[in-house]
Amino acid sequence: MQASKRLFAALTLTALAGAVQAADEVVVYSSRIDELIKPVFDAYTAKTGVPVKFITDKEAPLLARLKAEGENTPADMLITVDAGNLWQAEQEGVLKPLQSAVIAQNIPAQYRSSTGSWTGLSLRARTIVYSTERVNPSELSTYEALADKNWEGRLCLRTSKKVYNQSLTATLIETHGAAKTEEIVKGWVNNLATDVFADDTALIQAIDAGQCDAGIVNTYYFGRLHKQQPDLKAKLFWPNQADRGVHVNLSGAGVTKYAPHAEQAQQLLEWMTTEEAQGLFAGLNQEFPANPQIAPSAEVAAWGVFKADSIPLEVAGKRQAEATMLMDRAGWN
Amino acid sequence: MAHPAQRRWYPIAFAVALLVLLPLSVLLFSWHEVDRQIWAHLWQTQLMRLIGNTLMLVLGVGIGVTLLGVSLAWLTSLCEFPGRRWLDWALMLPFAIPAYVLAFVFVGLLDFAGPVQSLMREWFGADLRLPRVRSTGGVITVLILVFYPYVYLLARNAFLAQGKGLMEAARVLGLSPWSAFWRVALPMARPAIGAGLALAIMETLADFGAVSVFNFDTFTTAIYKTWYSFYSLTSATQLASLLLLAVMLVLYGERRARGAVRPVSERPRGKALYQLKGAQALAASVWCGLVFACAFVIPVLQLLVWFWQRGRFDLDERYTGLILHTLYLGGIAASVTVGVALLLAFARRMAPTRLMRTTVGLANLGYALPGSMLAVAIMLAFSYLDRQLVIPLSDWLGGAGKPLLLGSLSALLLAYLIRFMAVAYGPLENSLARIRPSLPEASRSLGVGGVGLFFRVYLPLLVPGALSAALLVFVDVLKEMPATLLMRPFGWDTLSVRVFEMTSEGEWARAALPALTLVLVGLLPVIGLIRRSARRIG
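Respectively, the protein sequence lines represent chains A and B. Heads up: the first sequence begins at 1 in the UniProt record's numbering, then just goes up one per residue. Heads up: the second sequence begins at 1 in the UniProt record's numbering, then just goes up one per residue.
One or more hints might be untrue.
Unchecked claim - For lysine to aspartate or glutamate, the following DMTMM-like pairs were computed, each having C-alpha atoms within a straight-line distance of at most 20 Å: (1) K233(A) to E122(B); (2) K38(A) to D316(B); (3) K318(A) to E92(A).
What the hints assert, rightly or not - Restraint ranges, calculated between C-beta atoms of paired labels, are given here: (4) G125(B) to K227(A): 30 to 36 Å; (5) E299(A) to L343(B): 33 to 39 Å; (6) G177(A) to A15(B): 54 to 60 Å; (7) L67(B) to A179(A): 49 to 55 Å; (8) E299(A) to E317(B): 37 to 43 Å.
Think of the hints as simulated: they come from the structure by calculation, not from any bench. Here a beta-carbon is modelled for each residue, glycine too, at the ideal position from N, C-alpha and C.
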């Protein structure tokens, strides 16, 4: 009898302990892949003892799931790549506006939502890559100039279905207006050396192999490929240094509106903007830390400093559909 | 009018159809509001080109898989030539390679910057230009090479089951092998070929992974673009419901074309019918060997090279978990799906009414939709059930009032069931149809009925068909990506999830490790099954 009572007490305690542990965790939906976030979560768990559970998928399905689950969602945090996706999540009302002095202090305003619903964590420039064999850097100046006649048959682009190109075009529309942007994009399409590529890596490899002379890619793709092939016959160029600067996008996160562990989620998010996490988060993928106090990795720093476009990245979301339609009209597949 | 004994089968069939219709109705309800701006834009800039592309793709892949599947099945099942013994099962192996994997191998190997063209430029000078790889022809070739096994497997079973009596009769009546093929074997195998072709075409219509590697725009890519780029899930589901309509037409056509032909079963042949000699034998060996090389050997070699260059550094103890999860999901989903499909096939056989035919047809529709679309529809349906049913019920019972369906393993298994029902149903229906009604009648007259009848008469005869069905579902579940991604419980990463994570970053070489593991895991049952069925019949 006594023994069974003791057993019962022990079981109850175990069950309670389990429940307590479950209450002290953070659940994340992430479109940033496993190997680019797990080390960050592991570091957080090692430091605080709070476990982080997550699943990865593309943004759109994750967003649909968050919406469908509504207040029953198990998710506390949404991590995405591209600011447009975060803006969209905010529009759909699945993110909670946060008042956080830590985040406000660590991350510049242009890389945050104006309502505090999300914050950027790492930055990547979408810039020009060129062949060191067939292009003299003095031929290059701006994104717009790649539409000029002298680039005919020399340009490579990635598909317009990729959100990075949609965001770039969205900022062009914000800067130049739709009519001028459509002209530029048509110029690019006209200058294509071959069909658009499905990914940035293939594009850089095509430049290396001599299929085309210049293209537009995210910096970390170049970084990864360069690490594998140090003799890569391609280099990065920072365009528009005389005017608005290089187009920069971000990977970021927000706390969900119905987060079951909202407090823990906010603590995790704040920690992710601090020095330790920023170095890790950006370093894993050769990105620039969104916190300007933190220096990028040596590899990334070697590409040189540049002036970044200061346009608020919410524009990427606001104008994404418009930009995509414009690219469709211009024949950019 | 249905007989009372027939009506007993209705509840089962209705329940299954309801399960499949639940997510499909999500698509139909999407029409309550139409975004004119998006539709006008699609109409003006995209739709005609996409429909043209899609038709071209379906036509090309349809013709290709039929030619390849039927010719290979004919050669390996009825003829004898050097290498036949192993090509017979080896030709089934490409089924284990997911379409997106063959696509990225093909493009990576043959595109301008790939090793083949680089080497040729080194040898023949920089001006050398090959035909474009990322083209309509390229994408059609890849899809034929991954989808022909559907036709091959089903046609092969049909040819083998035709037995020797018929073909010998044809020979005695003076038909040459060629005209015996056209006038006897082919018409009799038509239902099986049609079923295989229908599966291949549905896969083609729903494919997103392979076409996006080629950046080849189809109706399905437009669905994703509308969802991802215009952020309009509603318009995307509307497009998907149109695609569903097209698939229903394909299926209807398949049923009509199947017509009154009834598959029959005879005494199996002891040995091959035609001994090929000389040039004919050589041509047969070369043809089968060539297909096998292009669809399996070359891609696997390329994956091995990539694995050696990049992938081996990623190999760690986590792969044990990935493989176990993959096997577990595939195994359970295959048994559940085959079990339910068997019930459906029996219901259809025992109560062959018009209502039953329609019900069964509806229950098979899940296969036709692009995976992500179906996954999201199932997800929406389940979260609706969670809200409306599970939570109130659990509150009422004094439970935690938590959603139970979404994010649970059973929800993922249900999603697989809905998606792959058609894959299991086809082979089962075919092998059930081969059991002549006289057989159960005779056994009933001998006093064996009910459960005994099933276990002692039906089951032994259904084993080959059920194994084919289970194999197809198992391998399809291994390769399945979108539903697994969206609905897997926390920590349930599979090999295809890992492939997704690598390819979504353009890291094709590193995707070789999970892709290769996936192929190996999928191969084991393929080899086992094919050898077994070869022994049983051969």
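Among all the numbered hints in the text so far, which are the ones the structure does not match?
The structure breaks hints 5 and 8; every other hint is satisfied.
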